[in-house]
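Undergrad: Residue numbers (full-length UniProt numbering), protein chains in the order written: chain A, 1 to 450; chain B, 1 to 187.
Keep in mind the hints are simulated off the structure, nothing from the lab.
If a hint is listed, it holds; no wrong ones were tucked in.
Cut-off 20 Å, straight-line C-alpha distance, at most; resulting in silico cross-link-like pairs (EDC-like, lysine to aspartate or glutamate):
#1 K132(A) - E13(B)
#2 K10(B) - E128(A)
#3 K14(B) - E168(A)
#4 K104(A) - E92(A)
#5 K208(A) - E179(A)
#6 K104(A) - E79(A)
#7 K163(B) - D153(B)
#8 K208(A) - E147(B)
#9 K12(B) - E42(A)
#10 K99(B) - E235(A)
#11 K430(A) - E44(B)
#12 K420(A) - E362(A)
#13 K97(B) - D234(A)
#14 K334(A) - E167(A)
#15 K14(B) - E42(A)
#16 K251(A) - D234(A)
#17 K12(B) - E31(A)
#18 K361(A) - E44(B)
#19 K132(A) - E17(B)
#20 K406(A) - D60(B)
#21 K378(A) - E126(A)
#22 K365(A) - D335(A)
#23 K365(A) - D162(A)
#24 K101(B) - E235(A)
Some chain B residues well away from chain A (every beta-carbon gap over 10 Å; in silico):
#25 P48
#26 S50
#27 T132
#28 P162
#29 S167
#30 F183
All of these numbers come straight from a predicted model, not from anything done at the bench.
Where a beta carbon is used, it is the ideal one built from N, C-alpha and C, also for glycine.
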Amino acid sequence: MAAEPTAQESRSRDLDKLLLRPGNLVGPNFEPGPALRDDLKEYGRVLVVGAGGLGCELLKDLALSGFRKLEVIDMDRIEVSNLNRQFLFRLEDVGKPKAEVAAKRVMERVSGVNIVPHFCRIEDKELEFYSKFSIIALGLDSIEARSYINSVACSFLEYDSDDSALEETSKPMVDGGTEGFQGHARVIVPGVTPCFECTIWLFPPQVKFPLCTLAETPRTAAHCIEYAHLIKWDEVHSGKAFDPDDPEHMKWVYNEATKRAELFGIPGVTYSLTQGVVKNIIPAIASTNAIISAACVLETLKIASGCSKTLSNYLTYNGAEGLHTEVTEFVKDKDCLVCGPGVLIQLDTSITLEKFIDLLKEHPKLLLSKASITHRGKSLYMQAPPVLEEMTRSNLSIPLFDLIGKIPKDVVHAIGTTTKNDKKTSCLRKLRVVFKGVDGIADMDTAGET
Amino acid sequence: MTRDMIRLFKVKEKQRELAENANGASHVKKQSAGELRLHKDISELNLPKSCNISFPNGKDELMNFEVTIRPDEGFYSGGTFSFTFQVAPIYPHEAPKVKCKTKVYHPNIDLEGNVCLNILREDWKPVLNINTVIYGLYHLFTEPNYEDPLNHDAAAVLRDNPKMFESNVRRAMAGGYVGQTLFPRCI
Ligand SMILES: [Zn+2]
Chain A
1 MAAEPTAQES
11 RSRDLDKLLL
21 RPGNLVGPNF
31 EPGPALRDDL
41 KEYGRVLVVG
51 AGGLGCELLK
61 DLALSGFRKL
71 EVIDMDRIEV
81 SNLNRQFLFR
91 LEDVGKPKAE
101 VAAKRVMERV
111 SGVNIVPHFC
121 RIEDKELEFY
131 SKFSIIALGL
141 DSIEARSYIN
151 SVACSFLEYD
161 SDDSALEETS
171 KPMVDGGTEG
181 FQGHARVIVP
191 GVTPCFECTI
201 WLFPPQVKFP
211 LCTLAETPRT
221 AAHCIEYAHL
231 IKWDEVHSGK
241 AFDPDDPEHM
251 KWVYNEATKR
261 AELFGIPGVT
271 YSLTQGVVKN
281 IIPAIASTNA
291 IISAACVLET
301 LKIASGCSKT
311 LSNYLTYNGA
321 EGLHTEVTEF
331 VKDKDCLVCG
341 PGVLIQLDTS
351 ITLEKFIDLL
361 KEHPKLLLSK
371 ASITHRGKSL
381 YMQAPPVLEE
391 MTRSNLSIPL
401 FDLIGKIPKD
411 VVHAIGTTTK
421 NDKKTSCLRK
431 LRVVFKGVDG
441 IADMDTAGET
Chain B
1 MTRDMIRLFK
11 VKEKQRELAE
21 NANGASHVKK
31 QSAGELRLHK
41 DISELNLPKS
51 CNISFPNGKD
61 ELMNFEVTIR
71 PDEGFYSGGT
81 FSFTFQVAPI
91 YPHEAPKVKC
101 KTKVYHPNID
111 LEGNVCLNIL
121 REDWKPVLNI
131 NTVIYGLYHL
141 FTEPNYEDPL
151 NHDAAAVLRD
161 NPKMFESNVR
171 RAMAGGYVGQ
181 TLFPRCI
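Turn these sequences into a full structure, and let the hints steer you where they fit.
TA: Pasting the structure below:
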């Protein structure tokens with residue numbers, strides 16, 4: 001006799017149609033069946049970056065799409081102005097960390113899902129933290145934060161000796177973004193699709209008003225706010241840095257902007273406009289967040305399960321006049337310093353930095369003369385300016401292997417000049433250095449002796 | 001990208017469990033694209049003798065640095081003016097933040113050190129670089145302009161009475177008062 005479906009079974013009924021049955025539009029290695037559904041629950045670990053308007057949607061959608069192991073990271077606390085669209089939050093939550101409340105609310109509503117909140121900055125976490133996730137979903141409103149997560153995710157990517165990306169080291173990202181009635185959803189698979197840095201030009205630089213306009217001839221409410229933020233703040237608080245995340249600071253700027261607007265007879269300064277101008281935020285619309293999140297989570301499910309081809313690779317949505325969606329397939333920049341393979345160079349552990357710089361001159365793929373070398377933000381050798389040349393000169397006689405901390409393989413960057421069609425051009429190159437005879441864990445005792 | 005990644009995640013999860021038992025944290029690798037581009041800018045600086053760059057935080061901390069300008073012509077000839085540069089991780093998507101550390105009587109620099117230079121604000125483009133900015137700052141001292149005032153009084157004097165402006169600049173640089181404001185000596 002047929003049993004009534006349990007609540008759990010009926011909840012996953014639609015998902016089962018995707019995961020348990022074969023189809024014509026599925027990915028090449030798609031293997032439908034209960035094992036896939038169970039593996040998704042067990043091994044599909046997704047990190048949601050941001051617990052704001054988009055982050056709340058992402059968490060809810062992921063939980064309802066069969067993902068069980070979720071984590072969320074956000075450094076903000078809930079403000080009253082969030083409540084209209086960040087639907088997981090209530091009035092009594094104001095002042096509490098967004099990540100914690102969002103995790104709690106989704107867990108209350110969706111049984112079986114576990115969400116670990118992280119109330120901190122994304123920079124506070126070690127690389128290991130990010131390495132454990134299958135997919136990273138981004139619900140952010142800043143270029144800086146996207147660029148940071150992108151560089152972290154791409155840092156896991158490794159290439160083989162033929163400059164082919166190793167699939168198993170690629171950390172996929174699904175990135176959503178909304179501004180008013182517009183939004184985008186994109187899939188970033190490092191080594192396969194362009195990374196955030198390959199296409200950073202897609203984000204127009206922020207409009208900046210000339211300081212003298214702010215000081216002399218303000219014409220708009222935004223001018224008054226920027227005057228208070230950029231000029232008046234320093235005049236009054238000598239040396240104290242403005243913190244956009246401190247509500248007291250924001251209120252101060254709002255009050256000063258109001259005074260200035262009255263002086264010049266300019267209408268329209270409000271607290272939320274002040275926040276918007278100072279933090280460069282365009283008012284969010286709940287339905288745009290919902291649409292973009294739905295697209296992002298569907299892609300997350302598709303990447304994880306292979307149940308259908310993924311978006312390739314950038315969706316734009318515009319609901320301002322009529323409704324337009326468009327998918328564009330951007331191509332990656334093969335020379336991208338963040339996700340590209342760079343140039344592979346094999347070296348003996350005894351090669352000094354000076355010798356290494358000489359080698360770059362002859363390397364057929366580089367022909368790089370007068371190279372300056374950096375490693376993870378540290379200057380190993382700088383040809384110029386003289387003050388830095390002097391500070392780094394003593395490194396020239398030290399083996400490169402020692403300078404980079406006796407790691408068997410790593411990335412260094414070289415800046416120098418090449419000659420192309422009889423024209424000298426300066427360039428910045430990524431180099432993958434691999435040391436011969438050092439495998440896995442470096443042998444600290446013998447490494448320096450060869 | 002169409003493949004079943006969940007099996008990959010499964011393998012990785014198993015590997016991770018093993019690795020966690022085997023040894024602790026691996027090294028951290030974080031270098032922003034902005035930092036790389038800044039290194040390039042710095043290594044390619046081509047400054048006139050009158051400009052000098054220094055790195056108060058040492059050779060491994062280049063995102064914050066100082067530039068000293070000693071104009072050898074114009075109203076400000078003989079003075080020494082220091083600027084701090086703060087470069088963001090998304091440089092050159094965003095212009096460096098530049099402030100004048102030396103209190104100066106100048107139409108385009110206010111007493112807090114804010115600088116009105118178009119390429120630092122509305123006209124910044126990612127193709128510009130640190131060299132361009134330093135030349136732009138140098139230019140402010142050889143060609144101060146009253147049309148983009150940040151110091152309103154100085155701008156008005158420059159416009160209406162260049163002779164008086166010149167003597168005000170001299171007085172300020174020697175360490176004296178202009179109006180109610182005392183300027184430190186910078187010659
Ligand atoms: Zn890239």
